[in-house]
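**Q** If you want the building blocks of each chain, they are given just below.
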Amino acid sequence: MTDPSASGPVLTLSEAAEATGGRVVGDGRARFRRIVPVFDAGPEDMALLADRRYAPDLKECGGAALLASETLAGLEDGPVDRLVVRDPHEALVTLLALLHPASEEDWGVHPSAVIHPEAVVHGEAAVGPHAVIGAGSTLGRGVRVGASCVIGERVEIGEGTILFPNVTVYADAVLGRRVIVHAGSRIGVDGFGYAVVDGAHAKVPQVGGCVIEDDVEIGANCAIDRGSIGSTRIGAGSKLDNLVHIGHNVVVGRGSLVVAQVGVAGSTRMGDGVVVGGQAGIVGHLKIGAGARIGAQAGVISDVEPGQTVSGYPARDHRTYLKAMARVMRLGEVVKRLERIERSLAAAVPGSSPGDSEP
Amino acid sequence: MTDPSASGPVLTLSEAAEATGGRVVGDGRARFRRIVPVFDAGPEDMALLADRRYAPDLKECGGAALLASETLAGLEDGPVDRLVVRDPHEALVTLLALLHPASEEDWGVHPSAVIHPEAVVHGEAAVGPHAVIGAGSTLGRGVRVGASCVIGERVEIGEGTILFPNVTVYADAVLGRRVIVHAGSRIGVDGFGYAVVDGAHAKVPQVGGCVIEDDVEIGANCAIDRGSIGSTRIGAGSKLDNLVHIGHNVVVGRGSLVVAQVGVAGSTRMGDGVVVGGQAGIVGHLKIGAGARIGAQAGVISDVEPGQTVSGYPARDHRTYLKAMARVMRLGEVVKRLERIERSLAAAVPGSSPGDSEP
Amino acid sequence: MTDPSASGPVLTLSEAAEATGGRVVGDGRARFRRIVPVFDAGPEDMALLADRRYAPDLKECGGAALLASETLAGLEDGPVDRLVVRDPHEALVTLLALLHPASEEDWGVHPSAVIHPEAVVHGEAAVGPHAVIGAGSTLGRGVRVGASCVIGERVEIGEGTILFPNVTVYADAVLGRRVIVHAGSRIGVDGFGYAVVDGAHAKVPQVGGCVIEDDVEIGANCAIDRGSIGSTRIGAGSKLDNLVHIGHNVVVGRGSLVVAQVGVAGSTRMGDGVVVGGQAGIVGHLKIGAGARIGAQAGVISDVEPGQTVSGYPARDHRTYLKAMARVMRLGEVVKRLERIERSLAAAVPGSSPGDSEP
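Chains as they are written, first to last, in the numbering used here: chain A, 5 to 363; chain B, 5 to 363; chain C, 5 to 363.
Some hints here could point you the wrong way.
Each computed DSSO-like pair below joins lysine-lysine, with the alpha-carbon atoms no more than 30 angstroms apart [as the list claims (entries may be wrong)]:
(1) K327(C) <-> K340(C)
(2) K291(B) <-> K207(A)
(3) K207(B) <-> K291(C)
(4) K207(C) <-> K291(C)
Quick caveat, the hints were computed from the structure, so don't treat them as lab data.
Treat the numbers as computed from the prediction; the structure is a model and nothing was measured.
Whenever a hint applies, use it, and build me the whole structure from the sequences.
**A** Below, the structure written as structure tokens:
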């Protein structure tokens with residue numbers, strides 16, 4: 005495998021401790037160029053141990069240093085030179101930014117891009133090869149539109165927002181500041197709205213807004229509908245994983261996490277800080293309270309209270325659901341007890357009706 | 005938020021009534037530029053009330069007028085000037101077309117498009133920037149191919165069909181008239197077909213057709229395979245939501261609705277007028293009868309009768325399934341009754357075997 | 005429907021038998037241009053019968069010849085001229101390659117492609133219209149990059165690999181030899197990784213690798229994340245269907261099949277020869293043993309042993325799960341037996357406590 009960072013920056017353990025507010029164990033002069041999983045670490049690497057389940061890998065670890073939480077810092081195996089921090093993932097945010105400074109790739113406004121004369125592109129925005137910017141659209145300072153992105157008419161894109169390649173933004177969408185949209189996502193798509201006219205499905209024009217607030221990140225190949233009337237809205241700071249579907253007029257609250265392949269049907273409104281597990285589905289017109297947690301693959305067909313954790317289909321309180329499923333797996337035992345009782349009863353009380361075949 | 009329609013057409017209530025065959029309550033001269041949800045309506049807006057669950061919002065509604073069904077027309081709160089119609093969504097089809105006339109954006113055949121000399125593009129078709137049209141392909145009158153679409157060889161696209169940007173159509177696919185394909189969908193993709201040869205998966209060439217009939221709408225980021233041999237077919241007037249997967253040789257009947265993130269595996273044949281709920285999956289080689297309804301997230305592993313409604317995994321009759329799941333949630337009670345019986349029996353019939361631990 | 009092969013090669017039954025090692029029944033001079041399903045076959049077609057469920061269609065079959073396995077070769081109806089083979093799908097691999105030779109479309113390096121001066125493109129590689137190749141990337145001999153693909157910086161693409169149109173490959177990804185990536189897939193996407201810093205989700209830079217080994221095929225609109233640190237890896241010879249999500253640091257073993265719309269969360273490691281059914285989900289940090297089979301729509305939340313077959317949510321041993329679900333559907337019967345016992349008991353043992361309402 006190529007190692008893109010082979011010629012990149014190097015950090016010492018002391019420098020890393022200073023940057024993260026962490027504590028050095030052993031030699032602060034230990035040096036590393038990369039941070040990698042324990043089982044991958046070589047002599048120029050710092051190994052990351054953030055989860056106890058990877059502790060057994062320490063035995064084979066060849067890294068120059070170890071990055072670990074207080075809880076895991078005392079383990080015997082592995083590199084003796086260590087950076088101990090409160091939250092290794094938080095430390096990663098800092099350290100990886102130092103080791104992997106942002107790419108210098110900068111197409112400026114590439115001559116092959118097609119920018120409508122009535123579009124406004126800030127002098128410090130970048131537009132990649134073959135991108136298309138529609139009439140009346142506005143790109144703020146520091147915006148980067150990737151190659152082959154297509155931005156419709158009257159789209160607003162705020163400062164510092166990054167669109168990876170091959171993204172489509174439909175007309176009239178609004179993207180805030182520091183938004184990241186990964187490759188192939190579609191923003192402001194027509195929702196799934198039809199009226200039955202003369203026995204056929206007639207398209208209800210989809211004319212509402214699609215608002216992506218500040219600091220949202222959207223994964224690859226997502227589809228986010230515009231409102232039919234009114235708006236679809238993704239709240240500030242929320243993060244969507246890959247292949248997520250957001251129907252028309254949905255509101256995702258602020259600071260929420262929506263894991264891969266989730267689908268949210270039209271007009272459902274979610275509070276702030278909601279977490280939706282992978283492949284979960286939420287039907288339309290529901291209210292999901294702030295801080296609710298929806299389990300992976302859950303099928304939500306009724307409102308969820310703030311702070312509630314739900315699982316399964318139809319989604320119910322998580323513990324109740326797991327308990328019920330555990331009982332289901334032991335149903336055979338129930339049936340056996342039933343048969344035993346029926347036999348006892350038949351023996352003790354002649355004439356009492358015996359059971360049928362095993363359910 | 006930008007308001008794209010701020011300078012658009014204005015309608016009076018009387019004009020709206022005439023266009024829809026509705027009935028005016030109050031002042032027919034009330035004017036509106038937009039139709040919006042009740043909770044969003046301002047003084048230039050008509051508020052839409054199509055669902056009783058939004059009736060409480062009427063108290064705060066600042067709209068100039070209300071669009072409501074006969075059933076909801078008599079509610080006391082909200083705007084007194086009203087348009088009362090049989091089906092508000094049908095009225096929306098008419099009114100939104102008047103308020104939001106089709107965009108005038110027209111790239112013609114953009115000079116950056118790459119059109120093979122052996123392709124035939126009708127004089128009234130439009131091809132967006134950076135689109136590619138392969139050899140032997142034909143675009144009918146009024147076809148609009150969005151920016152960065154890639155159309156393979158020998159593709160036929162019928163009159164009035166619209167491809168949003170970044171769509172791919174593989175070789176040999178046939179799209180009928182007035183088809184709409186949203187951004188990022190892939191039509192005529194190789195199916196998932198392999199034969200085990202010498203212990204490895206050898207690709208079976210995928211050479212069948214992919215036929216999208218008239219008036220079909222396909223959402224964003226869908227993937228529709230071509231036939232392996234034979235054809236995949238989406239019947240006339242059917243509508244697919246975002247992120248739908250249609251395997252090779254599948255037939256979707258006419259006038260069907262396939263909600264977001266549904267997957268249909270190879271060679272399954274669906275009748276007309278089928279409705280498939282979001283995230284449902286249907287395995288291969290099944291027959292789904294006309295008018296069947298498949299619940300959201302259902303996992304269908306056997307044929308479904310015409311008109312049948314199924315739910316759950318493995319999918320079964322909807323009512324039976326819900327009843328069974330309700331019983332599951334009360335299994336704890338069954339176990340308690342069992343224990344009670346065992347105790348009674350043990351007391352009454354000394355020597356009868358008592359139950360074990362709770363299942 | 006257009007028939008792309010109307011003017012293509014023609015085979016006789018004898019030629020087909022020679023190419024496949026099969027056995028001719030009847031006239032070896034029977035000729036065909038296409039291989040199609042039994043119900044589609046016309047006078048220039050060979051009908052394929054690989055599955056007994058399509059045997060009834062033989063009655064109406066108008067094909068010139070039949071391709072069948074030994075087991076099905078003796079059926080009475082249908083064409084009398086037959087090619088009998090051990091494995092019809094294996095025969096298809098050979099015969100379809102003869103009937104449908106690879107398309108001659110060859111853009112070479114299209115003048116509209118944007119290739120960074122520091123990219124290395126082999127003289128026998130093809131780059132489609134509007135494709136973009138980033139700095140430091142390398143395309144081997146016979147590589148074909150489709151129209152509007154965007155290849156980031158420092159990407160390696162091995163000999164004979166084919167990217168269909170509108171694909172995105174992020175920086176630093178490595179694709180082996182003879183890989184096929186279908187339209188709209190995204191390789192090397194940033195994973196879903198955040199640390200909570202000052203109460204908000206801060207992005208953990210995603211700097212790991214994404215390695216697609218030799219002979220992998222990836223369907224349309226998939227999203228495959230790069231490692232956060234360390235690498236994501238798709239093992240040699242594995243095949244992914246459409247709309248699959250692979251999280252960061254996931255390892256898919258060699259020779260595996262991952263059906264449409266599957267999602268695998270971060271850091272899960274799968275052995276070789278695993279089969280994952282459509283829409284199944286696997287949570288993060290698990291080990292899936294070699295040869296495991298995961299049922300369609302299964303939700304896997306714990307490790308799976310090598311060779312184990314699991315189903316349902318939470319996924320369990322397949323047979324156990326189906327048995328439990330069958331019992332669930334007959335829970336009503338259990339309750340009735342319980343009531344009967346309670347009545348007998350109440351009659352026989354006065355004072356014993358009767359049951360409550362039906363659970």
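**Q** All the hints need checking, so say for each whether the structure fits it.
**A** Structure-based check of each hint:
| no. | hint | verdict |
| --- | --- | --- |
| 1 | K327(C) <-> K340(C) | holds (20 angstroms) |
| 2 | K291(B) <-> K207(A) | holds (28 angstroms) |
| 3 | K207(B) <-> K291(C) | holds (28 angstroms) |
| 4 | K207(C) <-> K291(C) | holds (26 angstroms) |
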